[in-house]
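Engineer: Position chain B against the provided structure of chain A, taking the given hints into account.
Chain by chain, the residues run as shown.
There are 2 protein chains.
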Amino acid sequence: MTETRDPLVIFTPSGKRGRVAPGTPVLTAARQLGVDLDSVCGGRGICSKCQITPGYGEFSKHGVTVAPDALSAWNSVEERYNRIRGLTEGRRLGCQAQILKDVVIDVPPESQVHKQVVRKAATVRAITMDPATRTYYVEVAEPDMHEPSGDFERLAAALKEQWNISDLQPGLQVLSKLQPVLRKGEWKVTVAIHQGNHDARPKLLDLWPGFDEGGLYGLAIDLGSTTIAAHLCDLATGDVLASAGIMNPQIRFGEDLMSRVSYAMMNPGGDREMTSAVRDSINTLAQSIADEGKIDPTRIVEVTFVCNPVMHHLLLGIDPVELGQAPFALASSSALGLDARELGLGAINANARVYVLPLIAGHVGADCAAVALSEEPNKAKDMVLIVDVGTNAELLCGNADRVLACSSPTGPAFEGAQISSGQRAAPGAIERIEIEPATKEPRFKVIGCDLWSTDPGFAEATAQTGITGICGSGIIEAVAEMRLAGIIDPSGLIGSPEQVGSPRLIADGRTWSYVIHDGSAEGGPLISVIQTDIRAIQLAKSALYAGARLLMDELGIEKVDRVVLAGAFGAHISPRHAMVLGMIPDVPLDKVISAGNAAGTGARIALCSVAARNEIERVVREIHKVETAIEPRFQEHFVAANAIPHATAPFPELHKIVTLPEVSFNTSGSGEGGRRRRRG
Amino acid sequence: MTETRDPLVIFTPSGKRGRVAPGTPVLTAARQLGVDLDSVCGGRGICSKCQITPGYGEFSKHGVTVAPDALSAWNSVEERYNRIRGLTEGRRLGCQAQILKDVVIDVPPESQVHKQVVRKAATVRAITMDPATRTYYVEVAEPDMHEPSGDFERLAAALKEQWNISDLQPGLQVLSKLQPVLRKGEWKVTVAIHQGNHDARPKLLDLWPGFDEGGLYGLAIDLGSTTIAAHLCDLATGDVLASAGIMNPQIRFGEDLMSRVSYAMMNPGGDREMTSAVRDSINTLAQSIADEGKIDPTRIVEVTFVCNPVMHHLLLGIDPVELGQAPFALASSSALGLDARELGLGAINANARVYVLPLIAGHVGADCAAVALSEEPNKAKDMVLIVDVGTNAELLCGNADRVLACSSPTGPAFEGAQISSGQRAAPGAIERIEIEPATKEPRFKVIGCDLWSTDPGFAEATAQTGITGICGSGIIEAVAEMRLAGIIDPSGLIGSPEQVGSPRLIADGRTWSYVIHDGSAEGGPLISVIQTDIRAIQLAKSALYAGARLLMDELGIEKVDRVVLAGAFGAHISPRHAMVLGMIPDVPLDKVISAGNAAGTGARIALCSVAARNEIERVVREIHKVETAIEPRFQEHFVAANAIPHATAPFPELHKIVTLPEVSFNTSGSGEGGRRRRRG
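Protein sequences, first through last, are from chains A and B.
For the first sequence, the residue numbers in the numbering used here are 2 to 681.
For the second sequence, the residue numbers in the numbering used here are 2 to 681.
Just chain A, same shape as in the assembly (with noise of 0.2 Å):
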C-alpha cells in the first residue's frame, strides 16, 4: 500500500503553504489559506480575476517538486474564456484548475485584491487597494408565491451566502430599478455594494444585470481656492484615468478667501450663491472628466474632497462667516460620510457615496490632512517640514514621535498676485530667471517655451503667447537672484543706477526699479521687479518662515532633517532659491524635496483606500495646531525673518554654492531708504 498524503499547495509571493482535499480549485485552496486571490463572480469561471501562474519541476526552496499533471487540465470553462477572451500563456482560472498534487502557485499582482498601486510622485510610495465600493455578481433566487418574500431581501440573502455580507441597506434609488434589472440579467446580477468607514451597514449603491464589465470609478478632488482639480480613478486597479482641472467659479466674488467670508457677510444669501456656483463647477468638471476617460459618468460612485476650510463650508452649504474672525471656529472639523445627491452631484451615479477628508483647523484645512496622508510625517524617523503654499501657507513639521501644524498669512504673492507685474502660471509667463553678477543682465525662460531668452530663436518660439508677466515662481528666483547679483540690498532694499551698476535700475517715484524685459516695441508689456513686489515677497516668506521656527521652537529642534514643498508652488520652485530668500529653514539642498500636488494626492488615496481613511482620521486628531495669530513669537519671528537673509539662520550649506553680496543701499539720498529716513 502506497501512502497517500493530501497534496501540499504553496502559494507565492506570499508563501503561503498548505494541504488540501485532492481536486480542490486553487480559489478554494487559496481562500481556506488565507491568500489573496480576486475574484469577482464567486469562482463561476466568468470574471478572470482569480488568474493563477503554476510553477512547475523542481522547487528546491520550498521543497517540492511539481509533477506536469499536478494541476486538473483545462475544462470546458477554461477553453471557452481563452476562445473568446484569450488567456496569457501559462495563466489557468484559479476557480477552475483543481489541485491534485503538490503544486507551487504563483498569484500575479493584478489578481491580488490588496494590490499595491505604485504613485507618481517623487517620493515613491505605494497605495494599497481598499476601496469603499466594490462589485460583486450574485445570483438571486427567484419569487416564490409559497415562500413570498421581496426581491431585495432575496437579494441580501444571496449576498450573505455567496458572499458573507450582511445585513445589506437597500438605497431608495436603487430599489426603483432592483426589479427590472433582476428580470433583465434572470436573476443573475452584479452589484456595487459601499461599505465607508463611517457606515455601520454595507450599502447597495447600483446594479446592473448578468456579469457586468463597466467597472466602477472615483473622483478625488482637491477643491482649491482658485482651481478645482480633480482626479478620475477606476476602483478596482487604482489606475488614473484622466485628470482635469477647472478655475473656482467662486473667483468672482472675492479673489481670495477672506474677501469671500466678506462677501457671504455682506451679502444675505451670498454663501448660497457661492455654494451653488461650486457644486455646479463640479458637475461640469465630472461630466468632462469623464468624457477625456471615456466613461460613463454615472459609473462614478465615490467622491473624496480635499480642501480648506472656507472651501469645506461653502461645499457643504455652510455660512463660512465664523471661519472671517477669532476664534476661527469650525462648524465641523470631522471627516463627513455623505450622499453625493446631498451636494447636488447629479452629474454622476444618483447614488455616489462623498467622503470629505477631516479638517485640523480653522485655517488649517482637509486639504493639510491630505498632506499629511500623503507625505506622512506621523511616519517620518528625521524631522521633517512639509510646506504647501497655496493663498495661504500651512505647514506641518515633526516626525513619528510627534506632529504639530500651522497656518501662516502668507497672502498670494506667491502665487504672482498683488505683484506689479505678476500674473498666474499661464503660457507666455516668465517661470524661471537668472541674474548675471557681474553684468546684472537677465536670462529667463517663459511657461509654454523650452529655451532661454537668450537662446537663439527665442523670440519666435514665444511670438504666440508673448512675454506676459511674472508668475510666482518667476517672481521668488527674481527677487533672489537680484540680491544674489548685488541689485538689493540684506534690507531688500533696491539700488540705483549708480550703486548697482546697471541701466536696467529704473526711477519708479521714489524707489527703484528692475527691469527684466521690455516687451513695450513690440506693444508688449514692460515687466519689472519693483520696491514694494520685494516688500511684498519679504511678508510672504517672513510669514512661511515665522510659521515654520514657530513649530520647531514648539518642538525644541534648532533644525529638520527634509523640508517636503507641496502644492503647485512646490512643484515649481527651485530650492536654492527658495533658500536665499529665506523662506525655509536651512537643510542641505538634497533635502529639499517637491511632493507635487500632495493633497490631490491624499484625495487620491482617501478614494481608494478605507483603511486610509481611518488612518488619516486618526492622525489628524494627534496633530497639534498652533495658532499663529495669538502665538507672540509669531510677531518675534516674523520681524527678525524680514531681511534676506535673515539674522538668526545663517545657510552653511548654501554658502559653499554661492556667496550673497555684501552690499547696502541704506546711504543712498533717494528712493525708499532716503524717504524712510526723513519719516524717523
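If you are wondering where the hints come from, they were derived from the structure by calculation, not from laboratory data.
Remember, it's a predicted structure, so these values are computed and weren't measured experimentally.
Which copy is meant is left open, so a pair is good if it fits within one copy or across any two.
Under the rule of at most 20 Å between Cα atoms (straight-line distance), these lysine to any residue pairs were calculated in the SDA-like manner: (1) 295 <-> 235; (2) 178 <-> 325; (3) 185 <-> 326; (4) 382 <-> 587; (5) 50 <-> 78; (6) 189 <-> 210; (7) 185 <-> 266; (8) 50 <-> 211.
Structural biologist: Only chain B this time, still in chain A's reference frame:
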C-alpha cells in the same frame, strides 16, 4: 454614639428602593436606582419634567415613617420656578430636592420617560412611550483658539458627557444652522436626537437656542387606496393633537389598486405621476394637520407609514408593475428608515425621519402588519381571526403559537362601490337598515342624522343632505335583512312581489329588485337593491369567508374564539348582519369586536415606540403567508360559501336570535332563476 445610616428612599409606583448619601438629589437617586424619572434639562431646574410628590408620615406598607424634613427645604430654583410657572401643590423638582432622611417618593405618570398612553379604542391597550426622536438640553463649551475644535465636535462631546450619547452623526442640513443657533443660545441649546432601530448612530436632526419648549411631533399616516389619514402626535406625551384625512389623489388614475397598476403599465412614466401626486397630497395633509393642531410643521420630525403593497411602492417611487402579475414579487418587504426629504416631504422638518412598516407579502401590506402590531394576534391566548377590509380584505388568524395571514379578493362591494345605489360613506348615505319580516317594510338611518326613517321629524332632519344612496355598511345590512325577511332565498335570488308578498319588489329586466326608498317625487333617487347587487355582495362575502376558512384549515381548526373587525368597515358593520351573511365564521356575538382603524393605530404605536418597531419587524418575519391565488381549497371554500347561509357552517349561536326563513324562489318562472334554468 448614635448609629448613622444613609437615608432610605422608596420610589412608587415602581417600589424600587435603596440607600443614598444624605444630600443626594431625588433625580440622581432615581438614576442610581434605575427609576424611570424624566429630565430634558439634565437636572438644571429648567424643564420641570422631573416633578415628584414626596409622601410624609407613616408608611406601614413600606415600614418607614417620613419626617417633615426628609427632603431639603425649597431652594431658590424651585422658588423661582414656582413663581414664574407655578408648581402643583405638594410637588417638588426632583433635580433640586435633596434626600436628607428616609422618604417615600411618588413619580407621577407625566414624569415618567416611558409613560403609558392609553389608546382610545375598543380594546384598551397602553402604548409605552419610546419615541425615536427626543430632545436634550445641553451646555456646549465655547471655541478656544488654543485647542481648536469644531462646534459640532464640542456639541457631540457635551452630549456624551451630559447625556451619555456617543458617536453623534450630523445631518448636513443641521450643520448649516449649527453655528448661529449655538451663538444665539449663548452655547446652551436644545437638540433633537434621532435614534431609530435601523440606525447605528444617533443623528442630530435639529437644534434650537436655549431651553426650547416648542415640542417635537410626529405623523402616523395610513396611506390607503381611497383615503390618506393621519394622526398628529406629541412625541413626548403620545397625545393625538389632531387627526385628518384627505382623498388619495391617485383615484384619478384608477379607482382600485389594479387599475393603478394598469395605468403604470400602459403609460410610460405613469408610476412617477402617481408617486408625485401622492407625495404632494401628503405635504398638503401635513400642512393642514399642523394648522389644525396649531403647531409649526417644521416641528414634525418623525413620520410613520402604513399602506398596502401597491401604495407602498408608489409612495417610494417604485413601479408597482410586478404586483399586478404572479408571483406578485415585492421590490422590498423590509421596514425602511428614510429621510423625509428622500420622499419629497418638504412641508415638515428638513431632517425629519420616515419609518415605513414592513410588508408581509405581495398582497398583504404594511397596513396588515400595523393591524398585527395594534391587535397582537401573536400574543393571543385564544384563537383570534382579524379581518381588515378595505378594497381587499386582509386576514390574520392565529394565537401566541402561530399566526397566518392571507388576502382575499373581495373587490370594492363592501365599500359601496359597484353597487347600483351604492356610494361612499358620506352624509345622506343609508348606513343602517331593518326590514320587518311580517310586512317586508324597511326603516333606515342615514349618515348625519340620528333618527330612523320612521321616526317623526326624519324628513326635516334629512332635508339638507337628502337620501342619496347606500354605503358599504348599509348594503351589508340590506342584504342580510332581505334574507332574514325572506325576500331572498339561500341562493341569493330575489323573489317576485307575489312570492314575497310585497309591492316593494319591482321588475328589473328579468330579475326583481327591492325598493328601500323612492325619492323620485322629491327629485331624489330611487334607492333599491337589485339582483346584481346581491351577487356582488355574495362574491365579496364568499371571498372573505373562504380566506378565513383557508387560514383555519392551515391551522387545523374548525372554529375561532374571537373575531376582530378592523378598518372603517369594522367600525360600522353590525356583527349580527355580518354573520347572517356568512362573511365571518360563527362565534358568539359578544366575541365579535370592532377595533376601529387598527392600521392607523399601529402606525401611531410605531410612531411612539422604537421597541414596537423592533417588535413588528420580528412578528412579521414569523407570520406565515398563505397565497389564496394558488390554493385550490380557496376556490372550493369560495364556491361553497356562496349561499346565505352556506351549507358547511351553521350558525348555532346566531340561531338563538333569529331563524333564517326556509324560502326558495328557484321554481319561479320569471326572473334570474328562470333564466338560469333555461340555460341549464
